[in-house]
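Please work from the sequences and hints to get the whole structure.
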Amino acid sequence: MGIAERKIEDANLLKAVAALTPDKIQQVVRSVTKGEAGARLAVYHETCMRCGMCAEACHFSLSHKGDPTYTPVGKMEQTMWRLLRTDGRVTPDEIYNMAQIAFTECNMCKRCVHFCPVGIDTGYIISLVRRICHLLGVVPMYILDTAHSHSATMNQMWVKEDEWIDSLMWQEDEARDEFPKLRIPLDKEGSDVLYSVIAPEPKFRTQLIYQAAAIMNQAGIDWTMPAGPGWDNSDMCMMTGNLEMMGRLKRAHYEMAQRLRVKRIVMGECGHAFRSVYDTGNRWLGFKDWPVPIVHSVEFFWELLTTGKIKIPQKFQKPVTIHDPCNITRGYGLMEKLREVVHMLCENVVEMTPNREHTICCCAGGGVINCGPPFKGTRVAGNKVKADVLAATGVEYVIAPCHNCHGGLEDIISHYKLGMHTKFIGDLIFELMEKPGAE
Amino acid sequence: MQTFYTIAVGPLAWFAWAVFLVGSAWRIFSMASLAKNKEMAAVAYFDTAYGMRSIARWMTPFATLGWQKNPVLTFATFAFHISFILLALFAQGHAILWEYAFGMRVWALPPQVASALTIIATLSCAYFLVRRLSNSTVRFVSTPGDWLALGLATLPFITALLVRQSVGDPLLMTLLHVLSGEAVLVAIPFTRLSHALFVPFTRAYMGSEFGAVRHCPDW
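If you read the sequences in order, they're chains A and B.
Under this note's numbering, think of the first position of the first sequence as 1, with each following residue one higher.
Under this note's numbering, think of the first position of the second sequence as 1001, with each following residue one higher.
Because the hints were derived from the structure by calculation, they are not lab data.
Careful: at least some of the hints might be erroneous.
What the hints assert, rightly or not - Straight-line distance between alpha carbons at most 30 Å, and here's what the computed DSBU-like set of lysine-lysine pairs gives:
(1) K423(A) / K315(A)
(2) K15(A) / K34(A)
(3) K288(A) / K1069(B)
(4) K435(A) / K311(A)
(5) K288(A) / K1036(B)
(6) K337(A) / K288(A)
(7) K1069(B) / K34(A)
(8) K417(A) / K203(A)
(9) K1069(B) / K65(A)
(10) K1038(B) / K24(A)
(11) K1069(B) / K384(A)
(12) K1069(B) / K337(A)
(13) K263(A) / K318(A)
(14) K1038(B) / K34(A)
(15) K309(A) / K188(A)
(16) K160(A) / K181(A)
(17) K181(A) / K263(A)
(18) K311(A) / K188(A)
(19) K203(A) / K181(A)
What the hints assert, rightly or not - Listed next, with one range per pair, are the computed distances between beta-carbon atoms:
(20) T1143(B) / A152(A): 39 to 49 Å
(21) F1078(B) / K34(A): 35 to 45 Å
(22) G419(A) / T1143(B): 25 to 35 Å
(23) R264(A) / A1049(B): 20 to 30 Å
This one's a predicted model, so the numbers in the text were calculated from it and none came from an experiment.
All C-beta atoms, glycine included, are put in the ideal place defined by N, C-alpha and C.
Structure below.
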């Protein structure tokens, strides 16, 4: 039992801890625990009553019943509480273990908030552990690569500027076969809507840009997509603890929207990017709210459907279930709007239990899926409970308006042989909507 | 013995109350200053209405997911805290002390009710103890500070029971009860018992974040 017995080899974790000394570790730990962090860390450490009620919350502990090392409080105990107790005097090997826990065994989904009478924010504590790991350079290789990409290119996937524009023009070209008047306007100043996506969309889910363009076109929206840096709203730096880069990324995103004088930013179906733009990046930059209004796709689709800009002549007939992504439900309260949208699109909706704000995480978010193949087994074994929840619905389709959720759910669907398929809301709208402009 | 008792309910009691009040004020003030200095990005979202909503919800038994999923602990937690507060303020012996120290006439619990509450609180503490030993998660994360807090919180009830059941020398038992109560007072600002001071703030902060930013219940 314990993290030492389930150590997973990661090229960068191995390399980085080899360069550490106890003095260096202590100096960095203190710079966070006594420097950057403040009252929240102190109060949470002191008032966590070690009651263990959170053990019933976490998909990891629910999937590894009886193993306290997977519980939220157990993870804090093995990481931050230990760092505070020892004043940061721990070995490089312990830092490896802490990094593995913080990056791969907690999705920072905050479900445990619903279980803690005191109001301890485990997700915040784990993000501080990640911050320490980042400052020590101890970050899993795959997610570190995405953070490096952000630093070098301002997007997550090493997409070069011309490749980004090429991808948009390519999708426009493809879509014009179906919708001859369709355009994907680039950098169009004064548009009502700036549509922003995460870098994996041009990289390997390009059809989503096609679909979004078709929906915008058929709904008659005055919209644009950005042509330059800042177009990617995703943020792996927020996940690795590279908060300085998180700030730069969000500044680039907001400033790009301000430069184009758009009325609002509509973000694609992504959860973590929304968290970054809506909740964390703005705070880092000192904005209590946002320099440009931020709208998630679910809200935007709700508007299009309720105002009749998009019409659905025939609903999807097969039974579907709804997965609530934590970042837009627990993080933004879109539980009801998400349901209204799905019910406007689907005839037969079977709710999973638990759902809404009590949703069990996909186990991919929080940067966990971005830690790459070495840790896929951790995610899949750590989310058996969600597989059971999905299986209990008995349906074939799961609607999940979040990229990471798709990745995480598809992995458990495949591993536990659930025979289900995931769908974005955009997939359904594109499939079902009236297309008067199509040939 | 009588002298010890006189000191315990006299100067020592004043000392314990002073440490409790000054210590608590200092802990809350210094923590608030720390929050203001370093964490305005969190403090800025503090919202009284959402904070109170969260506190009210979590003060209602079984009204939150956490309480529902841990029913026995919920029962014991509420039973213990309600008994603790009622007895601390309104036990008959305490009412006499209120009058003795401040000349305040305070309503007192009927002795049978006080006895029942003392037994309930002691049984709740016994449950906390057994759970801390037998629940693998709680055992894994328990530290000496948690045992100290539990021990401190239990002693006044055990000694009260001994006094009421006339076990041992009554004056000695009463003295031990007074001393254990004073130990709790002194310990509140400086041990895990400080949750009594900070939970209203942590709860209200979480309520604010979930209410004002996340538009979502935190229960």
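Structure-based check of all given hints:
At roughly 15 Å between alpha-carbon atoms, K423(A) and K315(A) fall within 30 Å of each other, so this suggested pair holds. Of the pairs offered as hints, the one joining K15(A) and K34(A) holds, with about 27 Å between alpha carbons and a cut-off of 30 Å not exceeded. Taken as a hint, the K288(A) and K1069(B) pair is broken in the structure, with Cα atoms around 35 Å apart against an allowance of 30 Å. Between K435(A) and K311(A) the CA atoms are separated by roughly 9 Å; this keeps the pair inside 30 Å, and the hint holds.
The hinted pair formed by K288(A) and K1036(B) meets the criterion: a straight-line CA distance of about 15 Å does not exceed 30 Å. A hinted pair counts as satisfied when its Cα atoms are at most 30 Å apart, and K337(A) with K288(A) qualifies at roughly 24 Å. Note on K1069(B) and K34(A): the hinted pairing is violated, with a Cα-Cα distance of about 36 Å set against a maximum of 30 Å. With a CA separation close to 28 Å, the supplied pair K417(A) and K203(A) stays within the 30 Å bound.
For the suggested pair K1069(B) and K65(A), the alpha carbons sit about 15 Å apart, so the restraint of at most 30 Å is met. Proposed proximity of K1038(B) and K24(A) is supported: the alpha carbons are some 24 Å apart, at most 30 Å. For the hint pairing K1069(B) with K384(A), the CA-to-CA distance comes to about 19 Å; that is within 30 Å, so the pair holds. Proposed proximity of K1069(B) and K337(A) is supported: the alpha carbons are some 27 Å apart, at most 30 Å.
Distance restraint check for K263(A) and K318(A): the Cα-Cα separation of roughly 37 Å exceeds the 30 Å cut-off, and the hinted pair is therefore not satisfied. This hinted pair checks out: K1038(B) and K34(A) have alpha carbons roughly 11 Å apart, not beyond 30 Å. For the hint linking K309(A) to K188(A), the alpha-carbon distance of about 22 Å falls within 30 Å, and the restraint holds. Restraint check: the Cα-Cα separation between K160(A) and K181(A) comes to about 28 Å, which is no more than 30 Å; the hinted pair holds.
With a C-alpha separation of about 24 Å, the suggested pair K181(A) and K263(A) falls inside the 30 Å cut-off, and the hint holds. At roughly 27 Å between alpha-carbon atoms, K311(A) and K188(A) fall within 30 Å of each other, so this suggested pair holds. The straight-line distance between the Cα atoms of K203(A) and K181(A) is roughly 25 Å, inside the 30 Å bound, and the hint therefore holds. The supplied range of 39 to 49 Å is met by T1143(B) and A152(A), whose beta-carbon atoms lie about 44 Å from each other.
Distance hint for F1078(B) and K34(A): a CB-CB separation of about 37 Å, consistent with the stated range 35 to 45 Å. Distance hint for G419(A) and T1143(B): a CB-CB separation of about 47 Å, inconsistent with the stated range 25 to 35 Å. With their beta carbons about 27 Å apart, R264(A) and A1049(B) fall inside the hinted range of 20 to 30 Å.
When each numbered hint is compared with the structure, violations occur for hints 3, 7, 13, 22.
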